[in-house]
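*Asks:* Whole structure, please, built from the sequences with the hints as guidance.
2 protein chains.
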Amino acid sequence: MNYTKAQPVFRRGDEIFMKEALRYADFAFRRGEVPVGAVIVRGNEIISRGYNRREFGKNALFHAEISAIDKACKKLGGWRLVGCDMYVTLEPCPMCAGAIINSRIENLYFGAYDLKNGCFGSLMNMAEYPFTSKPFVHGGIMEKECSQKLSEFFAILRKKH
Amino acid sequence: MNYTKAQPVFRRGDEIFMKEALRYADFAFRRGEVPVGAVIVRGNEIISRGYNRREFGKNALFHAEISAIDKACKKLGGWRLVGCDMYVTLEPCPMCAGAIINSRIENLYFGAYDLKNGCFGSLMNMAEYPFTSKPFVHGGIMEKECSQKLSEFFAILRKKH
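Sequence lines, in order, name chains H and B. Under my numbering, think of the first position of the first sequence as 1, with each following residue one higher. Under my numbering, think of the first position of the second sequence as 1, with each following residue one higher.
Note that these hints are calculated values from the structure, not bench results. All clues stand as given, with none of them false.
The list treats identical chains as one, so a pair stands whether inside a single copy or across any two.
Below, simulated PhoX-like cross-link-like pairs (lysine-lysine); rule was C-alpha separation at most 25 Å, straight line: (1) K71 x K58; (2) K134 x K116; (3) K134 x K58; (4) K58 x K74; (5) K159 x K116; (6) K71 x K134; (7) K116 x K58; (8) K58 x K159; (9) K134 x K75; (10) K144 x K159; (11) K19 x K75; (12) K71 x K19; (13) K19 x K144.
None of the values given here were measured: they were computed from a predicted structure.
*Replies:* Next up, the structure:
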C-alpha cells in the first residue's frame, strides 16, 4: 500500500468495502463501460454506491464517484459528507478528486493507480494544495484485483476493434 | 485580460454571454447562495445555463458549471461537448475544472479570479497538466462586475452574522 498523505487511518473493513466497489465496477463492465465502482461508507454502514455509466448515460458527469456522492448527499440531506469515507476501484480523475474535496469526504481508499488521469498522486496530487478540507488518501488497496478488471476490459475492447 | 494558455481564441459575443452568466449568478444571490452563474455556448447559440445552489439543493455537486454541463449533455445527447464554450463568473473549483476538462469544452471564459480555490491559474493550473483534452482558458472577462457581485454577497453575509 502506498500513502500519498501523512497520518493514514486504517479500518478493518477495507477489503469488504473495496469488494463491494468491485462488484459495482462489474455492473459497468457488463454494460460496456470502463469498469469503475465506488462506495461511500460511514462507520460500518454503506451510505451509497455508484458505477461509471458515462457512455450509456451520455453524460460527462456520470462517473462512479460522482454518482455515489450525489446519492450520499440526497440520503444524508446535506452537501457535507462529514465522517464519510470513499472506496473506489480507480484513482479519481480531476473532476471526481475535486468532488471528493468539495464534499468533505474524510478518507479516500482507491485501488488501481491511473497514470494518465489520476489526481491523488499519479498525474498530480490534489492533496498537496491548501484546500479548506482534504481527504486522507490511501492508494493501492486491492490494487491487483482492481487493475486486473480494467486490463480485462481493455483487452476485450481491443479485440473488438 | 489574462491568458493562462497559449493561442486564445476570442469571440465578439463575450460580453453578451458573460452578462447572461451574471444574470444567472443573480438567481443564486437572491436565494442566499454564493453568486456564481455559468452559460454554455455553441456558435452563437446558448445551449444551457446554471447557477450555484449547493446550500438550497443540499448537494456538493450543485455548482453552476456542473449544472450547465449536465443540461448541455442532456440537450446534445452525448458526453463530449465538442465545439462548446463556457462562460462562468468565477474561476472554477477543482471539481468544475475537472468536469470542464472531461466534457471537452473548448474555450473557458471566466470572470473573477478565486485565489483560494481557483484551478485555472490561481491555486493551481490544471491546463498545465497533460490531460487528453484541455480548454483554452481566458480569465478576467468582465472581472470587475463579477468580483463586485461576490463582494456584495459576502458583505451582506458578514452583516447578518
